Amino acid sequence: MGLISHYFDFFCKKEKTVFINMLLNRKFGSKLKKFLHFFYPQAVLRDVLNNFLPDDAHTRSNGRVRVAVTQILWRPRGLLVDQFDSKEDLINAVFTSSFIPGYLAPRPATMFRNRVCIDGGLTLFMPPTSASKTVRVCAFPASRLGLEEIGISPDCNPENRASPRELFNWALEPAEDHILDKLFELGYLDAAVWAEANPVDKTVEDEAALVENGSAT
Numbered sequence: 013m014g015l016i017s018h019y020f021d022f023f024c025k026k027e028k029t030v031f032i033n034m035l036l037n038r039k040f041g042s043k044l045k046k047f048l049h050f051f052y053p054q055a056v057l058r059d060v061l062n063n064f065l066p067d068d069a070h071t072r073s074n075g076r077v078r079v080a081v082t083q084i085l086w087r088p089r090g091l092l093v094d095q096f097d098s099k100e101d102l103i104n105a106v107f108t109s110s111f112i113p114g115y116l117a118p119r120p121a122t123m124f125r126n127r128v129c130i131d132g133g134l135t136l137f138m139p140p141t142s143a144s145k146t147v148r149v150c151a152f153p154a155s156r157l158g159l160e161e162i163g164i165s166p167d168c169n170p171e172n173r174a175s176p177r178e179l180f181n182w183a184l185e186p187a188e189d190h191i192l193d194k195l196f197e198l199g200y201l202d203a204a205v206w207a208e209a210n211p212v213d214k215t216v217e218d219e220a221a222l223v224e225n226g227s228a229t
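Our numbering applies: residue 13 is where the sequence shown begins, and numbers increase by one.
Hints are computed from structural coordinates only; laboratory data are not their basis. Computed from a predicted structure; not experimentally measured. C-beta: ideal position from N, C-alpha, C; glycine also. Honestly, I wouldn't trust all of these hints.
So the derived label-pair ranges between C-beta atoms look like this [to be verified]: (1) Glu178 / Gly158: 17 to 23 Å; (2) Tyr115 / Ala203: 27 to 33 Å; (3) Glu161 / Tyr200: 17 to 23 Å; (4) Trp86 / Pro211: 43 to 49 Å.
With the sequences and hints as input, model every part of the structure.
What follows is the structure in structure tokens.
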């Protein structure tokens with residue numbers, strides 16, 4: 013425990029950003045990168061969000077970004093959050109929405125707004141939106157998981173794709189860079205197939221018609 017506490021204290025210092033970026037550099041090898049992601053992924057996630065999100069990210073996100081979390085006490089129930097008090101509150105919401113017990117941090121749950129919570133996917137895998145039309149995107153083959161009303165997924169280009177098991181493994185432990193580059197390319201192609209079948213101008217026309225008829229809120 014003493015060694016673990018020493019590392020936790022070290023990561024909390026100002027040098028955390030420089031040290032993590034140094035360790036994640038390719039020249040240190042994939043084994044060290046995988047070790048850090050496994051040992052302390054929450055530090056990596058919070059560090060990235062703190063550095064790359066603007067200070068007014070919460071203001072820009074209010075009413076536009078909807079995050080799902082699962083409150084587990086006294087019974088699991090999904091909560092949707094689309095109003096944020098501060099940048100830290102927004103980061104906490106994102107952190108909680110992806111909190112897989114025992115993976116993101118060495119504890120079974122996390123606290124969010126005085127509630128004991130975990131990953132929102134347990135209760136709201138595809139959160140509803142307030143829009144009249146929503147394009148749902150899923151990194152997993154929706155048909156094989158029994159998911160409905162998914163617009164963009166590997167189902168758009170089903171040939172020679174990774175299995176759901178491989179995708180789930182990569183979601184927990186990032187694959188090598190060349191595999192991630194390939195997944196990005198395949199995701200782009202999936203979106204292109206959907207876009208060809210659903211022209212943007214037609215989608216916009218449908219949205220405008222709903223507003224004119226008073227059907228959209």
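The hints, checked one at a time:
no., hint, in the structure
1, Glu178 / Gly158: 17 to 23 Å, "19 Å, holds"
2, Tyr115 / Ala203: 27 to 33 Å, "28 Å, holds"
3, Glu161 / Tyr200: 17 to 23 Å, "22 Å, holds"
4, Trp86 / Pro211: 43 to 49 Å, "48 Å, holds"
Violated hints for the displayed structure: none, as all numbered hints are satisfied.
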